Amino acid sequence: MNTSALSLPATLRPRQIISWFGVAPFFLFALLFLILPTLNIVVGAFRNAQGQATLQNLGKLFSPSIQSAFWISIELSLLTAVLGCLFGFLIAAAITLGGLPRPLRNAILTFSGVASNFAGVPLAFAFIATLGRLGFVTMLLRQWFGINLYGSGFSIVSFLGLALTYLYFQIPLMVLIITPALDGLRREWREAAESLGASGFQYWRLVALPVLWPSLLGTLALLFANAFGAVATAIALTGSSLSIAPIVLFAQIRGDVLNDPHLGYAIAFAMIMLTAIANGIYILLRMRAERWVK
Amino acid sequence: MTGKRFWSWLAVTFGGLYFLLPLVGMFDFSMRMQRGAYSFEAYRVVLADPRFQQTFGYSVVLALLTIVLGILIVVPTAYFVRLRFPGLRPIIEFITLLPLVIPPIVIVFGYIRIYNTSSILPLTGSWWGTNILLLFGYVVLSLPYMYRSVDTGLRTIDIASLTEAAQSLGAGWARILTVVILPNVFVSVLSGAFLTFAIVIGEYVFAALLNVNSFGPYMVWMGGNRAYEPSALAVIAFAITWACMGLIQLFTRFSIFSIVRR
Numbered sequence: 001m002n003t004s005a006l007s008l009p010a011t012l013r014p015r016q017i018i019s020w021f022g023v024a025p026f027f028l029f030a031l032l033f034l035i036l037p038t039l040n041i042v043v044g045a046f047r048n049a050q051g052q053a054t055l056q057n058l059g060k061l062f063s064p065s066i067q068s069a070f071w072i073s074i075e076l077s078l079l080t081a082v083l084g085c086l087f088g089f090l091i092a093a094a095i096t097l098g099g100l101p102r103p104l105r106n107a108i109l110t111f112s113g114v115a116s117n118f119a120g121v122p123l124a125f126a127f128i129a130t131l132g133r134l135g136f137v138t139m140l141l142r143q144w145f146g147i148n149l150y151g152s153g154f155s156i157v158s159f160l161g162l163a164l165t166y167l168y169f170q171i172p173l174m175v176l177i178i179t180p181a182l183d184g185l186r187r188e189w190r191e192a193a194e195s196l197g198a199s200g201f202q203y204w205r206l207v208a209l210p211v212l213w214p215s216l217l218g219t220l221a222l223l224f225a226n227a228f229g230a231v232a233t234a235i236a237l238t239g240s241s242l243s244i245a246p247i248v249l250f251a252q253i254r255g256d257v258l259n260d261p262h263l264g265y266a267i268a269f270a271m272i273m274l275t276a277i278a279n280g281i282y283i284l285l286r287m288r289a290e291r292w293v294k
Numbered sequence: 001m002t003g004k005r006f007w008s009w010l011a012v013t014f015g016g017l018y019f020l021l022p023l024v025g026m027f028d029f030s031m032r033m034q035r036g037a038y039s040f041e042a043y044r045v046v047l048a049d050p051r052f053q054q055t056f057g058y059s060v061v062l063a064l065l066t067i068v069l070g071i072l073i074v075v076p077t078a079y080f081v082r083l084r085f086p087g088l089r090p091i092i093e094f095i096t097l098l099p100l101v102i103p104p105i106v107i108v109f110g111y112i113r114i115y116n117t118s119s120i121l122p123l124t125g126s127w128w129g130t131n132i133l134l135l136f137g138y139v140v141l142s143l144p145y146m147y148r149s150v151d152t153g154l155r156t157i158d159i160a161s162l163t164e165a166a167q168s169l170g171a172g173w174a175r176i177l178t179v180v181i182l183p184n185v186f187v188s189v190l191s192g193a194f195l196t197f198a199i200v201i202g203e204y205v206f207a208a209l210l211n212v213n214s215f216g217p218y219m220v221w222m223g224g225n226r227a228y229e230p231s232a233l234a235v236i237a238f239a240i241t242w243a244c245m246g247l248i249q250l251f252t253r254f255s256i257f258s259i260v261r262r
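Sequence lines, in order, name chains X and W.
Per the UniProt record's numbering, the first sequence runs over residues 1 to 294.
Per the UniProt record's numbering, the second sequence runs over residues 1 to 262.
Bound-form chain W, shown alone (with noise of 0.2 Å):
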């Protein structure tokens, strides 16, 4: 037994050196933009930049605008299918598995080659097409975690006694899935949501074969121009990251509805 703690201890640790010694690097790194001290310089540097500003909270606006397309396209889909369409479940869970299978980097060359200038919806040719393409784009990718997460909160709610209910007492569709449905499930759309965030907002590919200037893009110019700085992005990025899934755990496990369900 002693023999069983001491092989899971040193696999930890030497998982832990791993895992860890990246990030503390990154952070030693980013701090050692003045010569001979400790300190935010980079940090500050990064923040100040007008670039920055701009192509993070463009990331952030199209973050946001794909969870909410997101969730208009699932979160209708996913109820209807468990109500009325139980045949349909195996396809659609196929397709929402299709972004997963594809690499990313196909599917936006697809994009570039049916909707470019000279095709009949020339969406790459102008601002508002580019930026709606990115958008969707990013719908694409983030399919399998909502829908995941969507069908989940679903499955542990009796739809169909809720919708007879919402329904006698006079509620149309559109009530019954934003008044009755959606606060059900909020906990899981909140934890498809935070994760769709954390993909969408350094995502590189789509952004840099569409020409946009989003977040991803502008961290690899930095990458390849600056010393210290990129390390102070990777920091910023990490700690998104972190927030998103610290998030997702805080909600599902002290939401009000997860204890009432207890």
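Just chain X, same shape as in the assembly (with noise of 0.2 Å):
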């Protein structure tokens, strides 16, 4: 190595080529199954099975049944990122400026970090468990009050019933982020706020929301990602009953019902494309956010 240094300019010592060696692995891991992956199916949904260009697999996303999966895709990601955002705000709102006990705000969190990360196969089976056919609250709800749910239409194998599912990891993520953003919010501006005479509901509209609306719109664009790439969840739950776009695509690949790897591109491709513009919204939010919060 010492040998090759010498040969170098002497602006490249020995001591930075090591430097050097110590990222390289990274960027080589990352290239190799990162990247490169990624781009190769980015690559492959404009191409076409001879190698050439072509915007004909784009095309065959505008299919009925590959449109609607994605509309059920994006109604779904969209409705619980809404909900998980508005009950998030809600609880952090409750622990952080709600005057609740110190205690009860710790072990909020502590949950939260565990609910959050409580998403995929056993999820599923949890919420089978209680709201399914037999389960827990579907018995207590017709032995106690005689409520029959699957009677009136209810199935935790549905779009309501993977709605419900989702919002458990949805609505902790948005407690964790939001409650440093909670904690931003300065008592002097609420007590500027009050010595001008504006009432509480003036505060929030005119402090309070302008200051926080970065990081809910933010969040709500990375609640709108994190449910749409979710698979496993559904899976364990719906088996492949309910088509959305994950479930197509994880069909597409394991080869069970269509043989177009081009079209398993496309879907692929749309799916990086939407999941990026959200989470390019919210990394962008985030920045105009952090101006607030310091």
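Honestly, I wouldn't trust all of these hints.
[As the list claims (entries may be wrong)] In silico SDA-like pairs for lysine to any residue, Cα to Cα no more than 20 Å straight-line:
1. W/Lys4 - X/Ile272
2. W/Lys4 - X/Gly99
3. W/Lys4 - X/Phe201
4. W/Lys4 - W/Leu20
Hints were generated in silico from the structure; no laboratory data involved.
Because the structure is a prediction, the values reported are computed rather than measured.
Now that you have both chains on their own, put them together as the hints suggest.
This is the structure in structure tokens:
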């Protein structure tokens, strides 16, 4: 190594070279197992089986079945993101500004850390055991209140059931992200508003929400992406009876349903685009939000 | 003021109901395997199932290897970037965020296309290759958490002075990293590690699409074929997640290092 170092310009001292060796594995690893595989999919979306450039694959996305799968996915992600933000905000506001005992706040934050990571297959099982046909709550409602949940058309293997399940990791994520932002609302702002005669509603509308809105919208985008990429929960819950975009892609890769890899590329590409846009919005708004929370 | 309190309690109560009922539900269901009596029968059946032991053991080993490889890749990178290439930080941060942006199912789809049996590097063609690919995939999934926690740890120590001190005492790079830097960011590394463990142990999509029989696919198989065992598995998985998060809290709060720093 030393001999090769001698032939290099003086600015590239051996020290510097060793430092490069320290970061090189990371770049190589990221290139091989993150960037190239993704690029392969993106490029594949614009090529046909013969390797020529084409937009046909993306055109196939607009076939009725694929289009409806994407719409259900988007609706599901949007609904759980909005409700997750709303309920997460209420809980975060309760534990930061609501005058609740301190231990309760810590307990809720810890639980949020657990629940936001309790996604995937076990979460689906928990909801089947709770709201499934023989689930805990289903039976409770029937025995105590005489309400027949499944008679009224509800099913855990449906859009509504999936949305209820997704909220279990969406709400805690919102609580975790928005709590620091709410902590960043200074007491002086409220006092200043009140001394100028503002009501509580006016304070929220004119001071707190304008400060918080980048955080709120940003988190909304993050939750959207979070729900959109979730596959395991949906598969464990519904098998593949509910056709949402990630499940269609899963079936496509498995080769059960369609046998056109380039359509798979196109579905994957569309998924990347949607989550990338959502995350891009999150990062942009987050940078705006950090101007206030210091 | 009392009005505000009332609404706060209401929000927390409703939240508590929503979050506790599924836990109660899965626990209740997991105890009902024997008719007419509460019992741990479902747990006994699950724990005695050789396929459980095999897939769970496999996933634990894989999670541990993911953590080790993750540390080997992330710690030197984060260290050298802070010490020598601060200009690279935005790029590295962007790359480590990518696994949160690109859905995991897309990443594994890319693996299947690039490393299939007819490619230059046919990893999916052999048992070893597939396992290595899955391991690397999990390291990718853990990058956002690993990098973030290690970088946060490095921020709190003066790595330039530590490095100079170690160098003046004659330590080489490997020694500096293992003996000086790593112990100082150990708590941060551990919190990244536990988070990684919680994510990898029940992961489904990567394993299923690479045709590996790990704990995730086993759970899904159980869900499709059994009634009470899935709930027992969910309770076990929940306990693991809870333990991982609890350990993170414990280590960050009560570690010797953070006490010294205070």
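Verification of the hints:
Taking the CA atoms of W/Lys4 and X/Ile272, the gap is about 42 Å. The hint is violated against a cut of 20 Å. Distance check on the hinted pair: W/Lys4 and X/Gly99 sit about 8 Å apart at the alpha-carbon level, within 20 Å; holds. Restraint check for W/Lys4 and X/Phe201: satisfied, since their Cα atoms lie roughly 13 Å apart, inside the 20 Å limit. With a C-alpha separation of about 24 Å, the suggested pair W/Lys4 and W/Leu20 falls outside the 20 Å cut-off, and the hint is violated.
Checked against the numbered hints given earlier, the structure breaks hints 1 and 4 and satisfies all the rest.
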